[in-house]
Amino acid sequence: MNKKIARKADTWILDGNRAAAQGAKLSRVQVIAAYPITPQSPVTERLSEFVEKRELDAQYIAVESEHSALAVCTSASMVGARTFTATSSHGLAYMHEMLHWAAGARLPVVLACVNRAIGAPWNVLNDQQDSVSQRDTGWIQVYARNNQEILDSIIQAYRIAESIYVPVMVCYDGYVLSHTEMPVDVPSQEAVDRFLPRYKPHTILDPANPKNYNLVTLANPRINAEGVLCHGYMELRYLLQEALQNSRETIVKVGQEFGELFGRSYASMFWEDRLDDADVVIVAMGSLAMEAIVAADMLREGGHKVGVLGLRVFRPFPKAELARALEKSRLVVIFDKNISYGLEGATCSEIKSALYGSPARAVIRDFIVGLGGRDVKAREMADAVKRSLLSVNEGDLNREYAEWICAI
Amino acid sequence: MPNGYVLFEGDYAMKTTAVNITEKEYLLPGNRTCPGCALSLAYRYILKALEGQVIVTVPASCLTVLHGMYPVTSVTVPCVNTPFATTAASATGLVAGLKALGKEGLTVLAVAGDGGTHDIGIQALSAAAERQTDFLYICYDNEGYMNTGNQRSGSTPLGAISGTTPIVGKQQNQKDIAAIMEAHGIPYVATANASYPLDLYEKVRKAKMIRGTRFIHVFVPCSPGWGFPFSETIKIGRLAVETGWVILYEVEDGVFRLTSASESIAEKSNLKPLREYLVEQGRFKNITEEQIGILQRWVNARWKRCLDRAGDSQS
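Chains as they are written, first to last, in this note's numbering: chain V, 1 to 408; chain L, 1001 to 1315.
Only chain L is shown next, with the shape it has when bound in the complex (with noise of 0.2 Å):
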């Protein structure tokens, strides 16, 4: 067993906490991401939850600069790299392939930013998803492609400055792939935050037993992109929370959960207004009152959607 490790399998709702969490890494010091990169951080929770039992497949981004250049890298654990469209086909592939050779008990563990999720790669992830591919699939989102210089994506907020939105900013608002996801009628979908890490933690640890495909998607702030000091990752996390930008939330088998901070926010009814969280960063620097009225008007919708879905599956 691990070393440090407490929690046993079928026990996960055991509550997380600093102190019985594994002192074993898969995510070496040293790796090549940016100062206060929120990806490092989310990764190392990730595997640690997966305690190296897991195959890792992984396109171009900045995860690929995080494993480091051959022959050197920087994660303890297997993982093959796939062209940036192939993520979830890449994943059935090692699934098809342990299945054929009677291989049990590894995860298989497909990890993609936004652009490789929300926009090249979406239709292999749907079409794995339809097939009910067994395997845990986790996009971490830092709302452009950070690797290539920051340009717009699928999941760039309206109104942000970016390498292809260079002067008005973005003039559509993101796309939300957890609802996507969750629209394909798989057992799990969570969402989490890299500032939250023992959330996004227990989350992994619950798709880890769960059959079939489960997706998390995960939030990483990133400093160079978005424009605020890399000392503040963890704070521009959480003001995306407590501003309602990102709800954490869970959906297990079609039954959904507020967690960890947002089922605090919505029982003290003390979300803040998303205008304390944009004014943090550079990339809205340019953003118009008008445009942060349609934002926050989205963040309401979609708060008052979750409010409703969490008191629904209490009563």
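Chain V on its own, in the form it takes in the complex (with noise of 0.2 Å):
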């Protein structure tokens, strides 16, 4: 196709939920399934209303339950439908284990899940805790740095999930990108639809041809009724780890024939600023690293050589990629917006892990920052960079935890 009518796109002021509404309708996915919860609600609305007006030619199905959502998409997804659902924070803790079942499965679900703190207590504002507690569970995970991301995102997490058989997770903050209004390039229906065709499932229940999927299954491998060795459990479970591993190729693919399209590059894992001469890298994931900019900015004015490294795919995590890009640096400082208790963000642990055995020999600095919605300045961000800094020039090399931005 012609690449200069692909490109050709309509730029619309989009909040981040319509522009995930928006992805999903051009992906013409067939079946959704969602249960409302702040701040992920509008997405379900304008899908629905997509339905009503027969717009998106799907099944929209209003469930009672997070569970159910996921439950609806994985069967959906067994017989051959391109299925969709979206949620937060406890929607997305109450979708633990179908969330596993859909990577076990090896089904192509597609959600967004709109960055939200979980309780107790009460909180609907911003935080990524509950999509890194699901890290877990076999799914990819992207993070949006902007609406726009998460339009693009979306439509790449089909082409990806229903290549390599693993589900996507396509996560962007709530309120900081999903009630806030951007310009984003909508792309038009006939140039999604050369990118990503129609999907052509791995199992579909058929009475034709009847088979028993997500049977009880052995740890060891076992004869079928016709001779022939059989994957036990563990073979499987190594499969899926084996899919995600090879996956990394596929995300930074997709992301590439996506930018040839429609002009704007997903090629790498993570996106980088000024890194090229930069002996600080602040690192953060999701619209945080857009903060870290500003910080660069006021640190470069400093005279600080500092640049930014936004991760954009969590899992699988690029470990050699990020290794190479942080070779040069004296001082990572990780912003995190989750916290493994006991432990650090999740972030900080496997970027060191990462540079484990890696010629990268960076001081790492961690910090928990802005949970709960809690506000993330940019001059934070900067004076946090700048303690570090000073702490490392005085010989403090190592912290056995994350540091906190906040009263306590």
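Rather than coming from a laboratory, the hints here were simulated on the basis of the structure.
A portion of the hints provided could be inaccurate.
[Claimed, not checked] Pairs of lysine-lysine, DSSO-like flavour, derived with a Cα cap of 30 Å: (1) V:53 x L:1103; (2) L:1208 x V:211; (3) V:328 x V:386; (4) L:1272 x V:211; (5) V:200 x L:1272; (6) L:1304 x L:1285; (7) L:1208 x L:1235; (8) L:1024 x V:211; (9) L:1206 x V:211; (10) V:211 x L:1099; (11) L:1304 x L:1272; (12) V:200 x L:1235; (13) V:211 x V:319; (14) L:1235 x V:53.
Since each chain sits alone in its own frame, please combine them into the complex, following the hints.
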């Protein structure tokens, strides 16, 4: 197709939730099941509106819980439909069992997670504790930094999920993105159709060829009725891990193709800002990394060579790529909108593990910020980087736990 | 047309007999259920009635065990296993997926035990019925969590010993799941019993041709769980009906009708005392006279309600 035509898009003013709904609509999802939760609700409202107006030919199931939402998606996926759901916070936690099930059954469901804090106590504002807590469920996790990335990531998510049969969670910050309007290029349906072919399911429930899926499976391989040795539970789990490992290639390839067609490339699992000459790198995920750019501007004004690395894909974790990108840095300052209680922020742990055994020798600092919607100011981030630099210069190289930017 | 099949679409009123029922089997012999399993018998007739034109969804339950272990299964119908709480949501997904793809003519069948229906699955089931999801839900009721070794459920009767009511027995009676489902205003609700397979078969045949949410509550006695010899399964199931513990009926578009043995018991007014059913089972060994009295009154009241409703329907 003529790339100029594909790149010709309408620029709309959309909040993150509308961008997500547009992404799902352009992906021609066939079954949508969702349950309302703040701040995700507008996504479900827009999608049901598309279906009622017949702008989208899909089954919209207004389920009674998030657990059921994902159960509807997994079963609809098993008869061959492209499925979508969206949730936040408690809703995602309630889905936990089904998250495992979707990944275990290798179903290419796509889920939008509007990142929100989790109780107790009640809090409806943004942090990333909800999706980070689900990192070990076997889903690919993508974090958007702005509303354009939300729309683009959902379309790419289907390409990725359906080529390797792994579900994809597209995460974006509640309110910061979900309820904030910004310009978004909305590609034409024709262009998206070229990029995203119809879903070709690997498993279909059909009486003409009856199969029994997700049966009790023993740990060891077992012989079937024809005498063929079939995988045990352990082998099936290995294949899922292998798929996640190899998905890095798919994610980059799909992101590159997307860029060629739409003019916005996603050919990397993270984005970089002024890393070339930086000896200090700020790392953050989602919209927080955009705030980090402002902090880096301030620090550069003060003569510090600071760059920003915005983590886009959290699972699979881009270990080798990150180790290379951070090889020259003296100090890596990580800002986590989540906490793995008893240790540190999850991003910090992952980056430490990525750097272990690599030539990178950076000192690592981790700051827990923005929990429950606490405002994260660029000035605070810049100050944290300066404090870290000072302490490192004084020989304070290792910290057992993360520091918190809060009143205690 | 399947071998031995004589019933026609729309002609389900024709009396099913042991002679004219289809010979084709969808449940293969040699499955993993316990000896004397009533579920195995009931499931065989359910699948026969649906002639294989079905997609089954099953939560964790005895039926999971019956279906076998990967890569070997005992059924010749397509099936998806789904987590415990999700049976009706899974069925919703199957219905939505088939509709989205324009595939018609298949029955989506959800089959769950009483734990999966009365307890952990009731939220998803109630919601699917409220949404008027076009599927058939069959609850096979062995009155407890038998697959995990006999713990009490919302369907375990008053006075019954179970793994979690081990000494004094359960102190509450079961909930009436068929009445709960009827309160959803769905087009078809029926009760059945593995000891009356032709009645079950006819009800599934009828349910198959109705659109919307259809619910059949099937009573399946459990030899190891209830403490009776496995050769006595059919007898226990019959005693349940003869004493009124189980009443065979159907409610089609709100019209109530007694069926099979319950219909003839009503005609002859020869309901047996509940005690005759209870004494046959080890789980009731510690039941008190007071509890037997409570259960008998519960049976009497429900039986009277059914007789009244049957009379109302006829008048």
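Hint check:
1. V:53 x L:1103: Holds, at roughly 23 Å.
2. L:1208 x V:211: This hinted pair holds, its Cα atoms lying about 22 Å apart.
3. V:328 x V:386: With a Cα-Cα distance of about 19 Å, the restraint between residue 328 of chain V and residue 386 of chain V holds, given a limit of 30 Å.
4. L:1272 x V:211: Violated, at about 45 Å.
5. V:200 x L:1272: Between residue 200 of chain V and residue 1272 of chain L the Cα gap is close to 59 Å, so the pair fails against 30 Å, i.e. violated.
6. L:1304 x L:1285: Roughly 28 Å between the alpha carbons, so the hint for residue 1304 of chain L and residue 1285 of chain L holds.
7. L:1208 x L:1235: It holds: about 29 Å lies between the C-alpha atoms, which stays within 30 Å.
8. L:1024 x V:211: holds (18 Å)
9. L:1206 x V:211: holds (26 Å)
10. V:211 x L:1099: Given that 30 Å is the threshold and the Cα spacing comes to 20 Å, the pair holds.
11. L:1304 x L:1272: The hint holds at about 14 Å.
12. V:200 x L:1235: violated (51 Å)
13. V:211 x V:319: violated (38 Å)
14. L:1235 x V:53: Violated: residue 1235 of chain L and residue 53 of chain V sit about 57 Å apart, past 30 Å.
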